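> Taken in sequence, the protein lines are chains A and B.
Residue numbers in the first sequence follow the working numbering, run continuously in steps of one, and reach 69 at the last position.
Residue numbers in the second sequence follow the working numbering, run continuously in steps of one, and reach 1061 at the last position.
A couple of the hints might just be wrong.
To be verified - Ranges between beta-carbon positions, derived for each pair: (1) B/G209 / A/Q62: 50 to 56 Å; (2) A/E55 / B/L950: 42 to 48 Å; (3) B/R158 / A/E55: 50 to 56 Å.
Note that these hints are calculated values from the structure, not bench results.
In this text the structure is predicted, and so the values were computed from the model without any measurement.
We put the beta carbon where it would ideally sit given N, CA and C, even for glycine.
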Amino acid sequence: MTATLQLDAEPAGDNATLVSLGAASLHAVTLQYQILEHTGVEVPVEDLLGSTIAELATMVGQRAEVALA
Amino acid sequence: MSVVELLRDLSARGLTITATGGDLRLQGPTEAMDAELVARLRAAKPDLVAHLTGQAGLALTPLQGAYLYGRGELVELGNVASHVYHEIEGAWDVDRLERALQSVVDRHPALRASFTAEGRQVIHDHAAVHIRVRDLRSLPGRARQDSLAAYRHRCSHRMLPIDRPPLVRAEVSVLAEDRMVLHVSHDGLVLDGISMFLFFRDWWRAYAGEPLDEAGMPFGEYVAELARARDRAPAQRSQRYWLDRLDDLAPMPDLPLATSPSAVTRPRFTQRLVRLDAQRWGELRRRATGAGITAPALLLTAYAQTLHRWGAGDRFTLNTTFAHRPPIHPRIAEAVGQFSDVMLVEVAVEADAGFEQRARAVQARLHRGIENRHFSGVEVLRELGRRGSGARAPYTFNCAIGYPGVDGSALELFGRETYTVSQTPQVWLNVFAMEQHGGLVVQVDGVDELYPDGLLDALVTGYQRLLDGLCGGEAWTDPAPDLLPPAQRQRRAAANDTSVPRSDRLLADLVVARARRQPAAPAVIASGATMSYGELHRRASHIAAWLRQRAVGRDELVGLVMTRGPEQIVGILATVLAGGAYLPVDAALPAARREYMLRDGKVRCVLTNVDGLDGLPDGVEVLPLPGGTDPAVEPVDLAPLPGATLDDLAYVLYTSGTTGSPKGVMVSQRSVANVVADCTARFGIDATDRFFGISAFNFDLSVYDVFGALTTGAAIVLPDADRSADPALRLVMMSGDRIPPALPSQLLRVKPDLEIVSLGGPTETTIWNILHPIEAADDGSRSIPYGRPNANNRAYVLDAAGRDLPDWVVGEICAAGVGLARGYWGDPARTDERFRTDERRGERLYRTGDLGRYLPDGDIEILGRSDFQIKVNGYRIEAGEVETRLVGLDMVKQAAVVRQDGARGDRLVAHLAAAGDARPGIEEIRAQLRVHLPDYMIPSAVVWHDALPLTRNGKVDRTALTTATPASGPAAAGPAPAPAVPDGLAGQLAAVWATVLRVGDVPHDVAFHDLGGDSLAAARVLAEVRKLFRVTIPLDQLYEVRTVRAMAARVAAAQTTGGTP
Chain A
1 MTATLQLDAE PAGDNATLVS LGAASLHAVT LQYQILEHTG VEVPVEDLLG STIAELATMV
61 GQRAEVALA
Chain B
1 MSVVELLRDL SARGLTITAT GGDLRLQGPT EAMDAELVAR LRAAKPDLVA HLTGQAGLAL
61 TPLQGAYLYG RGELVELGNV ASHVYHEIEG AWDVDRLERA LQSVVDRHPA LRASFTAEGR
121 QVIHDHAAVH IRVRDLRSLP GRARQDSLAA YRHRCSHRML PIDRPPLVRA EVSVLAEDRM
181 VLHVSHDGLV LDGISMFLFF RDWWRAYAGE PLDEAGMPFG EYVAELARAR DRAPAQRSQR
241 YWLDRLDDLA PMPDLPLATS PSAVTRPRFT QRLVRLDAQR WGELRRRATG AGITAPALLL
301 TAYAQTLHRW GAGDRFTLNT TFAHRPPIHP RIAEAVGQFS DVMLVEVAVE ADAGFEQRAR
361 AVQARLHRGI ENRHFSGVEV LRELGRRGSG ARAPYTFNCA IGYPGVDGSA LELFGRETYT
421 VSQTPQVWLN VFAMEQHGGL VVQVDGVDEL YPDGLLDALV TGYQRLLDGL CGGEAWTDPA
481 PDLLPPAQRQ RRAAANDTSV PRSDRLLADL VVARARRQPA APAVIASGAT MSYGELHRRA
541 SHIAAWLRQR AVGRDELVGL VMTRGPEQIV GILATVLAGG AYLPVDAALP AARREYMLRD
601 GKVRCVLTNV DGLDGLPDGV EVLPLPGGTD PAVEPVDLAP LPGATLDDLA YVLYTSGTTG
661 SPKGVMVSQR SVANVVADCT ARFGIDATDR FFGISAFNFD LSVYDVFGAL TTGAAIVLPD
721 ADRSADPALR LVMMSGDRIP PALPSQLLRV KPDLEIVSLG GPTETTIWNI LHPIEAADDG
781 SRSIPYGRPN ANNRAYVLDA AGRDLPDWVV GEICAAGVGL ARGYWGDPAR TDERFRTDER
841 RGERLYRTGD LGRYLPDGDI EILGRSDFQI KVNGYRIEAG EVETRLVGLD MVKQAAVVRQ
901 DGARGDRLVA HLAAAGDARP GIEEIRAQLR VHLPDYMIPS AVVWHDALPL TRNGKVDRTA
961 LTTATPASGP AAAGPAPAPA VPDGLAGQLA AVWATVLRVG DVPHDVAFHD LGGDSLAAAR
1021 VLAEVRKLFR VTIPLDQLYE VRTVRAMAAR VAAAQTTGGT P
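All chains, full assembly: derive it from the sequences and hints.
Given below as structure tokens:
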């Protein structure tokens, strides 16, 4: 994620939030589009920035399943 | 050859070309039409037709549309481009610089765009770049600097022609072989903030010989994506989100202004900077990040908190831009163009919240806004305009931090940027935050002309102080860190440094001492009779003895129910000699009000000069004052009551109350002695002076007449109403919140050696606690300042939380010092509410309810009332008290009273909504009110409404009421008759609308927006109106003329009055 968004941060752990990695809404929008393109799931900007990477993964996984079901 | 170039060629030949129904028509001298030209026209016919009918090229993005529209001079704060100007110092190979710039323009299609007045953009295959060189080497040093300054003045605010791409210009001033200035201008139509960085980076890379990457993203793809996105679900969701919020959207920040925005016809911007070095910015960012706060939220919150301190209000809406680059092309991230959009952000600065809490709230708002980014802020503003709710969002905030791979450092790749400024149409104050060389740079560009002197300097310094405080840590926890510039604080401390020692002698002692020293000297001069100090003392002392016999004690009220006359002065002196406090009651008051005051004041003894006084509460003893005394009778020698001090009450004055009941203000002898001693010393009062006692005795100015004169051996003159000024007049003490500005100069023309002083202060601060000596600058051209506190008094302008407000910012005037009253008679709750101990200052404060502001010279200016207490012809009236009585009348459902200027001065006007069909006239209403209210509280005019106008907060809109036209007789509100419109005028206007809106038929009563009109179309219609009819209608007034019929009426009215309506 840090590489994709070109953040000046150490490689992210699962418990890091996007904000804690120095990201701003700009990054969130980019990521939102990418997740939407790859999974069909639209994750709110608030969740993208405020959730940990582990939480995001769970959220995207659950919503993708719902979308497929 | 492009269409634009072809049209330019035609123009140069004196030819004009029009398109009708798909055909071209060429007009002009035939010798200018050759076969080659005709062939070129034929070849370009489809493009020409499209161009001439406004259909060529691409649509604009919402922000581009706003920028183009803002170039028009009909727009408030328009007549300016979205433009950035840079000056960079260094030395370069100019040819290489030009080739590099050309390659950047060649790479990015958006840079090759031209724009049409119809609101389209055309991307050209080629747009030639030329860097002009200004060789200043031969100029002497001073001339060179002048040349650079003049060039800066001209170029820093330029409007690059929209039909001549690229909308980027570069020039080089050569100062020496190794010293040059690179001047760069670029327009917001083709470059957003991130693109500005990308543009300089690409230019530098090309200059350095690095090959630029493959061709940039076609801008048309972006425009097409925006059009497609409008039909998708997120756009519909976003539209609902914003439209649902419109009715409750917070207003724009309400900062103090020096002039009306519509008066600024050519805005010029000045840039101020806020900076944090790399280390401090890094630490602050880390702290914010640790708290889960992004850099934009951090900086926006600090900016909002600064605006709040400078008067923006507790809740307001800011305008932000955000980079909107959806992943529709592999190289969109590196594309140069205008990819930003506008987003409104509401900010609430909660009084007790810490910075982190506020920043979280702002961040949440930002994120919700971004979530709903698919409905542009431009469209939100347009919808607000359509609803007539005001479509201003002139405080903008932009943050270009965090974009991958590029930041503000790119601006200095060619060398140090020594000057930069930006302009944005319709914007008053713009913030652009970026990172540069690791540090933070915030550029604040504002229209200085709009703001009072020094305000923007102080505000930007305040923003810097707040960011410094956040770096230091303290501003994270303090809900309102001190942002007041130190120079302002020092000026106020100097103005409040008023301490003067005072004696402890009682008021009665001071007067008696005078009477003993000069018994034969005149004390009271009335028409046909003069009372000496000796007689005054004799009479007063015998009455005091009568009061003592009835055990009148300290802080007990003695009623003086009198008509105007010398007995009032005798009664006042008698009361303080006895050791009590006087309560003046105008004998002409309605019986009910008189009785209320005497009963509420627990009055046992009344002194009167009225024969057959009746209607007094049971048990009250009345002493009619004798017309004269036997000169042989000696005065009674009365010792002070045991324990008597200067802190005993001198008097209680009843003023109007908000709940329908008047309130009694308790004033101590110390407060009176203090202001009297101040005036005696300040104005050199002595026994030779004569005081004109023109104030009523239930008005506290009379207190100074009595004790100012009698403690100095001077005399009070009670002039007849028809007497004019005495030729020996030397000092005029003008009292009132707002003195008519021209009055002092008028007086000085009559008597040039006159000393004039403006004095002010509510009853609760004892006669006056603030004054301003009239000086040469008070020549009628400015409002007269309220002034500075007198001896032993202090004054402040505070916000609701009791914090000092900066110069020019309106707050509540608060008073401290010896002048403060003891409180309200029998009303400890109200006393506690208005008189509070201020922990921060360690002193007792009285919140006056007067609105005011500090001026940069340390004076305070008064601006009105914070509640609805109003002053009419010198009387302070609580609107609530009058309204309570009005609503008590059977026929009135709703009432509001306001002060309005009338032909003969102020007047109180009642605005009423009827309870039924009856709408009685003013005389009937006045008669009913007279039962309860004194004359000065009875409205002199009435306006009937179907319902009183309300603000967006649902409260009665008193501002709107002050401009409603009153009628002095019976009045009924009804629709105004439709104005007459000359035959043909509406038809001509309808034709203009039809042409601009491209509709076949324009009904005369359908609103402009309902016909599909937008801001750009409105600008074109109004420009055409000006051209055809020589009538200027500002764009912000479109709402008022939104139908052809209304516009025709406006044009007709303007034509009869000659131009601008």
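> Does each hint hold? Answer for all of them.
Verification of the supplied hints:
1. B/G209 / A/Q62: 50 to 56 Å: holds (52 Å)
2. A/E55 / B/L950: 42 to 48 Å: holds (46 Å)
3. B/R158 / A/E55: 50 to 56 Å: Roughly 51 Å apart at Cβ, these two residues keep to the hinted range, so it holds.
The structure shown violates none of the earlier numbered hints.
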